[in-house]
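A.B. asks: Taking the hints into account, I'd like the entire structure generated from these sequences.
Chain by chain, the residues run as shown.
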Amino acid sequence: MILQKIEAQKGNITQAVKKISEKENIPAEKISESVARGRAVILNHKDSGWTGIGDCLHIKVNANIGTSSNIINIEEELLKLKKSCQVKTDTVMDLSTGGDLDNIREKIIQESPVPIGSVPIYQAVVETIEERGSFKFLTAEKIFETIEKHAKSGISFVTVHCGITSEALETLKKGTRQTGVVSRGGAFIFSWMALTGKENPLYERFDRLISIAKKYDLVLSLGDGLRPGCISDATDNLQISEVMKLGELTEYANQEGVQVIIEGPGHVPINQIFTNVQLVKNICASAPLYLLGPLVTDIAPGYDHITSAIGAAVAGWAGADFICYVTPSEHLALPTIDDVIDGVVSAKIAAHAGDIARNIPGSRELDDQISQARFKRDWKKQQALSINPEKFKKVRESQEIFSEDVCNMCGKYCAMKIIDDIMKSPISHF
Amino acid sequence: MSVKKIKQYGADVLRKKSLPVENITGKTIKIIENLEDTLKESKGVGLAAPQIGVLQRVFIAIDPDTKKVIKIINPQIIESEDSEIDIEGCLSFPSIYFSIKRPKKIVIKGLSPKGKEIIVPVKGLLARCFAHECDHLDGVLIIDYASKEEKKHYSL
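Top line first, the protein sequences correspond to chains Z and F. Here the first sequence is numbered in our numbering, starting from 223 and rising by one per residue. Here the second sequence is numbered in our numbering, starting from 515 and rising by one per residue.
Don't take each hint at face value.
[Stated by the list, open to error] Under 10 Å between C-beta atoms, here's a sample of chain F residues computed to sit facing chain Z: (1) G558; (2) A562; (3) I599; (4) E602.
[Claimed, not checked] Computed Cβ-Cβ distance ranges for the label pairs, DEER-style: (5) K662/F / D600/Z: 40 to 48 Å; (6) P583/Z / Y523/F: 53 to 61 Å; (7) I601/F / N247/Z: 45 to 53 Å; (8) I578/Z / I543/F: 53 to 61 Å; (9) P583/Z / S613/F: 46 to 54 Å; (10) S620/Z / G524/F: 53 to 61 Å; (11) K666/F / I641/Z: 24 to 32 Å; (12) D600/Z / E598/F: 19 to 27 Å.
[Unchecked claim] Computed list of lysine-lysine pairs in DSSO-like fashion (alpha-carbon distance at most 27 Å, straight line): (13) K305/Z / K329/Z; (14) K646/Z / K554/F; (15) K634/Z / K615/F; (16) K582/F / K634/Z; (17) K557/F / K541/F; (18) K598/Z / K618/F; (19) K634/Z / K619/F; (20) K582/F / K598/Z; (21) K646/Z / K581/F; (22) K602/Z / K637/F; (23) K646/Z / K628/F; (24) K582/F / K628/F; (25) K581/F / K634/Z.
Honestly, the hints are just simulated from the structure, not real lab data. Source: prediction; values computed, not measured. Positions of the beta carbon are idealized from the N, C-alpha and C atoms, including for glycine.
C.D. replies: In structure tokens form, the structure reads like this:
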């Protein structure tokens, strides 16, 4: 097993780095240096597809799919995988908690063209509850076995809530938060700790996690079990104390040559996003930062793909590297196929906006190309260059097209056409 | 073939009615060639013979899409449809523009330089141009369509 970080530290340009360099048009040496320093990671998908995430690369987007305990429809989830890849998600996470979890995960990995991530604690908890009635019977062994099973089955990255500690549990009990713990994995671990009185094994036995990661070159996504789940809880002591623990663990992982991603908030007011991103980057050795949004307000259920995209765009500008989509169903229901598409596209828009702001090569050029086509009213080219060509076509063709030269928004009073005509031929002379 | 000086507003020739071409001769072809050279030089869309001082019912126009030069002798508008108002300029009125109502579509009948009868349907800019050139052949100019305010604006 080639360990990407170790190879990069030796100065070797791996095949994965070469492929990412070609795909993103960024020098391989630059990518390799970032990987060596822990500022970028490489996700391996079936030893043939690699995705890079980090400081010198384009911001990536993740789509969460998976069954719930209430709705189990594997075909539907596989369709979500297909649709999210069609709108160019960079990774997918299988968050299934209902049905035959091994079978679902294996099918998703098999059918996916992009790296798949998972949260193994879900399966460990679900199976323990099914087998023994309560997750207080969950064991550290079960958690590590499940993580290894995921890695062995081809999972590229796992969310592991390592920064949760007994100390944090005591602080949490003081009840200073409006919405407590909103991370499902975090809630499982906290509850298990409260029920058993034991320390979080993912923190206590982080070395074991490191061994598994080394065996499979598994990327560890250090989860934010204490991410703020509402505007009121943003940037509080619980969130920051977890980040500080993650900083310590990142340092250890870096020494061991294991690739690490840091997961971040959550819900954060827009004016605190830069501080949050810089804080996490500074504390966690500039490891790639993976954000769920952040959502910049709590008042828009049904529109949280928008509240999160606003936050993600600012976070991308500030230095976030990886954006987890949020769908319109967030806080309300299991996402539908359309929700998944809207979620990915919203996150892709935010990621691209961040890429522009950070001058990531090849990003601004896309805007220039589509703008030129728009000024010329070249609909075919605009459609091909647009973030979701299918949506472009659907909207344009939803009304009778009266003229190929303009759209129905302005009709013959299209500003671009008026100016274009005047510039081409100021006023016709006869 | 040569580029001719375009007659400007005030020149008597612009107010006279042009005569039909009885026989297409080498002289007629030369007029058309001169119109073509002059139009290309002036970067206009259309030009009528009186504008280069020749009182013959001949005009040419350049199709803005195909860049093809359309040449018509003894034109007659046989159909016109709809109308629209647009800003219009004339090579005989530099830097003066008036809003003029013209047909959106017209059909013109005339002769080609080879003497063949042609029927040309046009719309949009070319319809406006053809109507404008036919006016020139009857001594009608864009100022005849101008409102008092427009004339005042240009101190005409």
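A.B. asks: Indicate, hint by hint, whether the structure satisfies it.
C.D. replies: Going down the list of hints, with the structure as the test:
Hint on G558/F holds. Least Cβ distance to chain Z is approximately 4 Å, under the 10 Å limit. For A562/F, the interface hint holds, the least distance from its beta-carbon to any beta-carbon of chain Z being 8 Å, beneath 10 Å. Because the beta carbon of I599/F sits about 12 Å from the nearest beta carbon in chain Z, more than 10 Å, this interface hint is broken. The restraint placing E602/F at the interface with chain Z holds, with a minimum CB-CB distance near 7 Å, inside the 10 Å limit.
Taking 40 to 48 Å as the suggested C-beta distance range, the pair K662/F and D600/Z conforms, at roughly 43 Å. Checking the proposed 53 to 61 Å range against P583/Z and Y523/F shows it holds: the Cβ atoms sit about 58 Å from each other. Remark: the range hint 45 to 53 Å for I601/F to N247/Z is upheld by a beta-carbon distance near 47 Å. Under the hint 53 to 61 Å, the C-beta atoms of I578/Z and I543/F, about 60 Å apart, fit the expected range.
Remark: the range hint 46 to 54 Å for P583/Z to S613/F is upheld by a beta-carbon distance near 50 Å. Distance hint for S620/Z and G524/F: a CB-CB separation of about 55 Å, consistent with the stated range 53 to 61 Å. For the pair K666/F and I641/Z, the beta carbons lie near 28 Å from each other, so the given range of 24 to 32 Å is met. D600/Z and E598/F have their C-beta atoms about 26 Å apart, which keeps the hinted 19 to 27 Å range intact.
Taking the CA atoms of K305/Z and K329/Z, the gap is about 15 Å. The hint holds against a cut of 27 Å. This hinted pair checks out: K646/Z and K554/F have alpha carbons roughly 16 Å apart, not beyond 27 Å. The hinted pair formed by K634/Z and K615/F meets the criterion: a straight-line CA distance of about 17 Å does not exceed 27 Å. Distance hint between K582/F and K634/Z is fulfilled; the C-alpha atoms sit about 26 Å from each other, no more than 27 Å.
Proposed proximity of K557/F and K541/F is supported: the alpha carbons are some 24 Å apart, at most 27 Å. Straight-line distance between C-alpha atoms of K598/Z and K618/F comes to about 24 Å, which keeps the hinted pair within the 27 Å bound. Between the alpha carbons of K634/Z and K619/F the distance comes to roughly 17 Å, so the proposed pair stays at or under 27 Å and holds. Note on K582/F and K598/Z: the hinted pairing holds, with a Cα-Cα distance of about 23 Å set against a maximum of 27 Å.
Distance check on the hinted pair: K646/Z and K581/F sit about 14 Å apart at the alpha-carbon level, within 27 Å; holds. Proposed proximity of K602/Z and K637/F is supported: the alpha carbons are some 26 Å apart, at most 27 Å. At most 27 Å may separate the alpha-carbon atoms for a hinted pair to count; K646/Z and K628/F exceed this at roughly 33 Å. For the hint linking K582/F to K628/F, the alpha-carbon distance of about 17 Å falls within 27 Å, and the restraint holds.
As the CA atoms of K581/F and K634/Z are separated by approximately 24 Å, the hinted pair is consistent with the 27 Å bound.
In summary, the numbered hints that this structure violates are 3 and 23.
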